[in-house]
Amino acid sequence: MRLGLVLGEAFNGLRRNASMVVSVVLVTFISLTFVGVAILLQTQIQSMKSYWYDRSQVAIYFCSSVDETGNCVQAAATDEEIAAVQAQLQAEPLVTYVERTEYLSPQQVYDTTRELYADNPIANFLTPDLLGGIIRVTLYDPSDADVVVESISGFAGVQSVEDQRAYLEPIFALLGAASAAAIGVAVLMLVAAVLLIATTIRLSAFSRRRELGIMRLVGASNRFIETPFVLEGVFASLIGSLMAGGAVIAIVQFFVTGTLADAVGGSALLVGVSDAVAVAPILVGIGVVLAALSASIAIRRYLKV
Amino acid sequence: MIRFESVSKSYVGATRPALNDVSLEIGKGEFVFLVGASGSGKSSLLRLVLKEEKPTKGQIFVLGQKLSALPSRKVPYFRRSLGVVFQDFRLLPNKSVYDNVAFTLQVIGKSRGFIQEAVPDALKTVGLAGKANRMPHELSGGEQQRVAIARAVVNKPAILLADEPTGNLDPVTSQGIMALLERINLGGTTVIMATHEAGIVDRMQRRVVELMTGHIVRDERVGGYVTQAVPTIDIDEARA
Numbered sequence: 011m012r013l014g015l016v017l018g019e020a021f022n023g024l025r026r027n028a029s030m031v032v033s034v035v036l037v038t039f040i041s042l043t044f045v046g047v048a049i050l051l052q053t054q055i056q057s058m059k060s061y062w063y064d065r066s067q068v069a070i071y072f073c074s075s076v077d078e079t080g081n082c083v084q085a086a087a088t089d090e091e092i093a094a095v096q097a098q099l100q101a102e103p104l105v106t107y108v109e110r111t112e113y114l115s116p117q118q119v120y121d122t123t124r125e126l127y128a129d130n131p132i133a134n135f136l137t138p139d140l141l142g143g144i145i146r147v148t149l150y151d152p153s154d155a156d157v158v159v160e161s162i163s164g165f166a167g168v169q170s171v172e173d174q175r176a177y178l179e180p181i182f183a184l185l186g187a188a189s190a191a192a193i194g195v196a197v198l199m200l201v202a203a204v205l206l207i208a209t210t211i212r213l214s215a216f217s218r219r220r221e222l223g224i225m226r227l228v229g230a231s232n233r234f235i236e237t238p239f240v241l242e243g244v245f246a247s248l249i250g251s252l253m254a255g256g257a258v259i260a261i262v263q264f265f266v267t268g269t270l271a272d273a274v275g276g277s278a279l280l281v282g283v284s285d286a287v288a289v290a291p292i293l294v295g296i297g298v299v300l301a302a303l304s305a306s307i308a309i310r311r312y313l314k315v
Numbered sequence: 006m007i008r009f010e011s012v013s014k015s016y017v018g019a020t021r022p023a024l025n026d027v028s029l030e031i032g033k034g035e036f037v038f039l040v041g042a043s044g045s046g047k048s049s050l051l052r053l054v055l056k057e058e059k060p061t062k063g064q065i066f067v068l069g070q071k072l073s074a075l076p077s078r079k080v081p082y083f084r085r086s087l088g089v090v091f092q093d094f095r096l097l098p099n100k101s102v103y104d105n106v107a108f109t110l111q112v113i114g115k116s117r118g119f120i121q122e123a124v125p126d127a128l129k130t131v132g133l134a135g136k137a138n139r140m141p142h143e144l145s146g147g148e149q150q151r152v153a154i155a156r157a158v159v160n161k162p163a164i165l166l167a168d169e170p171t172g173n174l175d176p177v178t179s180q181g182i183m184a185l186l187e188r189i190n191l192g193g194t195t196v197i198m199a200t201h202e203a204g205i206v207d208r209m210q211r212r213v214v215e216l217m218t219g220h221i222v223r224d225e226r227v228g229g230y231v232t233q234a235v236p237t238i239d240i241d242e243a244r245a
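Chains as they are written, first to last, in the working numbering: chain A, 11 to 315; chain B, 6 to 245.
FYI, nobody ran anything at the bench for these hints, they're computed from the structure. Take the hints with a grain of salt, since some may be wrong.
Claimed, not checked - Quick list of in silico lysine-lysine cross-link-like pairs, DSSO-like style, CA-CA up to 27 Å:
1) B/K161 <-> B/K115
2) B/K59 <-> B/K161
3) A/K59 <-> B/K79
4) B/K100 <-> B/K161
5) B/K33 <-> B/K59
6) B/K62 <-> B/K33
7) B/K100 <-> B/K33
8) B/K62 <-> A/K314
9) B/K136 <-> B/K161
10) B/K100 <-> B/K59
11) B/K129 <-> A/K314
12) B/K115 <-> B/K100
13) B/K79 <-> A/K314
14) B/K100 <-> B/K62
15) B/K136 <-> A/K314
16) B/K129 <-> B/K71
17) B/K71 <-> B/K100
18) B/K161 <-> A/K314
19) B/K33 <-> B/K79
20) B/K161 <-> B/K129
21) B/K100 <-> A/K314
None of these values were measured; they are calculated from a predicted model.
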């Protein structure tokens, strides 16, 4: 009886304010879609970071007989020099940062390079004595790379020490900026959505102020007066957030696992539909909670006794 | 039943208080007329009883409740034991007579069975048993006020407040409304009615409380609109 009456009142409000309700639906839809995209971008960045940082290393390049840069003097690094660097890596304090090391001799570097550039005629001019050896260092925490770079760079026979993570930074910076932009737009749109819901509810309450006055006069409880309006706001925003959830899933399905995966060859590293499905309930939750809050604050003025 | 203890009410920005040190006691089953010119404080007094306003000074007790101690979330439940009727009826124009009366009971959560019993009963009391399905705009002013009274008494309130209920009605219709209020009063409901109409007050010969610029200047057990007795306080002093 009572539930039916409350639902009936809420439905009446939605019907009378149809155009405002449609705008609430659209604004929540757009804003929550941006929220969803921002969350997915963050997920993407995290998964790429953990994948690449696991594989990225610090590379120590030794001198070849032709090098003049770094500490090189046109002489290949001697075995003693290489052993000195390896000893340094396995002694305190570096040993606490270093997970493992791998030495590639000039011959091994030559073989790998020939393999990688088999189709390139210039590779035919390469001989092992033009190349120096390389020590690949894997760290427990990739952000400690600076320590290794600083303590090894000065060693004799070392041409250069490179933190390979540096190659990835611009990509993550770009993705981070995109994510921040999406969050910024999402926040602005959410503010607009909250204000629009509040305005819609006030309008709805104003058009029913006669009923509200009589309800208050005969002693309807505040909760009874308030609930239809809150339901009205929640219902409109629920539709919008369901649409946003659907849109996020569709974006991932058609754009990421479709087009983008083809372009980069393989989708192992990309966010998948399962991530999008996990994000959808978050969007619905945000939409419903924000709508309920803004509607109940908006209606409060009509509840003063 | 209702007790005012030195109650004053000042509205923000007003030069003088709407009610000034009013003390008043109204017992169970009484029929009280509040008379006085516009702005004398009649409506303020009724609004204070309803707890639509808070007094600036003094204490008000209604139905054994100290209103200043009543938390605002309990005010709706307190109001369920009061009925209110206005000069402008305040019916819902898009609901039928039956639904207007039933609405009161629906919003306070009465069962469907109770509503189906109580609404026809209330409509019969006010003499509108045959017009349950009419819309408010199809009724005369007197009939609309009867609907409003049915709505006010359908929940069997202990107190009925009426703010100039005959203000928009012709004398003959007004008489019908007064007969109805009298009958409700005989059923044990305390009735407090603010009015300007001398004829009604003179004919009924009930308790009369006269307000002037926020003061009670007369409180007669049995009286007319204009007193034959000496004023209880100096009117010039009250005006000052």
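Taking the hints in turn, this is what the structure says about them:
Simply put, B/K161 and B/K115 have alpha-carbon atoms about 13 Å apart, close enough for the 27 Å limit, and the pair holds. With a CA separation close to 26 Å, the supplied pair B/K59 and B/K161 stays within the 27 Å bound. A C-alpha spacing of about 57 Å is found between A/K59 and B/K79, which places the hinted pair above 27 Å, so the restraint is violated. Distance check on the hinted pair: B/K100 and B/K161 sit about 22 Å apart at the alpha-carbon level, within 27 Å; holds.
A distance of roughly 23 Å separates the Cα atoms of B/K33 and B/K59; the hinted pair therefore holds under the 27 Å criterion. Straight-line distance between C-alpha atoms of B/K62 and B/K33 comes to about 25 Å, which keeps the hinted pair within the 27 Å bound. With a CA separation close to 34 Å, the supplied pair B/K100 and B/K33 exceeds the 27 Å bound. Using a Cα cut-off of 27 Å, the hinted pair B/K62 and A/K314 holds, with the two alpha carbons roughly 21 Å apart.
Only pairs whose Cα atoms come within 27 Å are accepted, and B/K136 paired with B/K161 is accepted, the gap being roughly 21 Å. Taken as a hint, the B/K100 and B/K59 pair is broken in the structure, with Cα atoms around 33 Å apart against an allowance of 27 Å. The suggested pairing of B/K129 with A/K314 is violated, with an alpha-carbon distance near 34 Å, which exceeds 27 Å. Straight-line distance between C-alpha atoms of B/K115 and B/K100 comes to about 18 Å, which keeps the hinted pair within the 27 Å bound.
Between the alpha carbons of B/K79 and A/K314 the distance comes to roughly 12 Å, so the proposed pair stays at or under 27 Å and holds. Annotation: proposed proximity of B/K100 to B/K62 is violated, straight-line Cα distance about 41 Å (limit 27 Å). Only pairs whose Cα atoms come within 27 Å are accepted, and B/K136 paired with A/K314 is rejected, the gap being roughly 35 Å. Between B/K129 and B/K71 the CA atoms are separated by roughly 35 Å; this puts the pair beyond 27 Å, and the hint is violated.
About 36 Å separates the Cα atoms of B/K71 and B/K100, which puts this hinted pair outside 27 Å; it is violated. Distance restraint check for B/K161 and A/K314: the Cα-Cα separation of roughly 25 Å lies within the 27 Å cut-off, and the hinted pair is therefore satisfied. At most 27 Å may separate the alpha-carbon atoms for a hinted pair to count; B/K33 and B/K79 meet this at roughly 23 Å. Pair hint B/K161 plus B/K129 holds up; C-alpha atoms about 14 Å apart against a cutoff of 27 Å.
A C-alpha spacing of about 25 Å is found between B/K100 and A/K314, which places the hinted pair at or below 27 Å, so the restraint holds.
The structure shown violates the earlier hints numbered 3, 7, 10, 11, 14, 15, 16 and 17.
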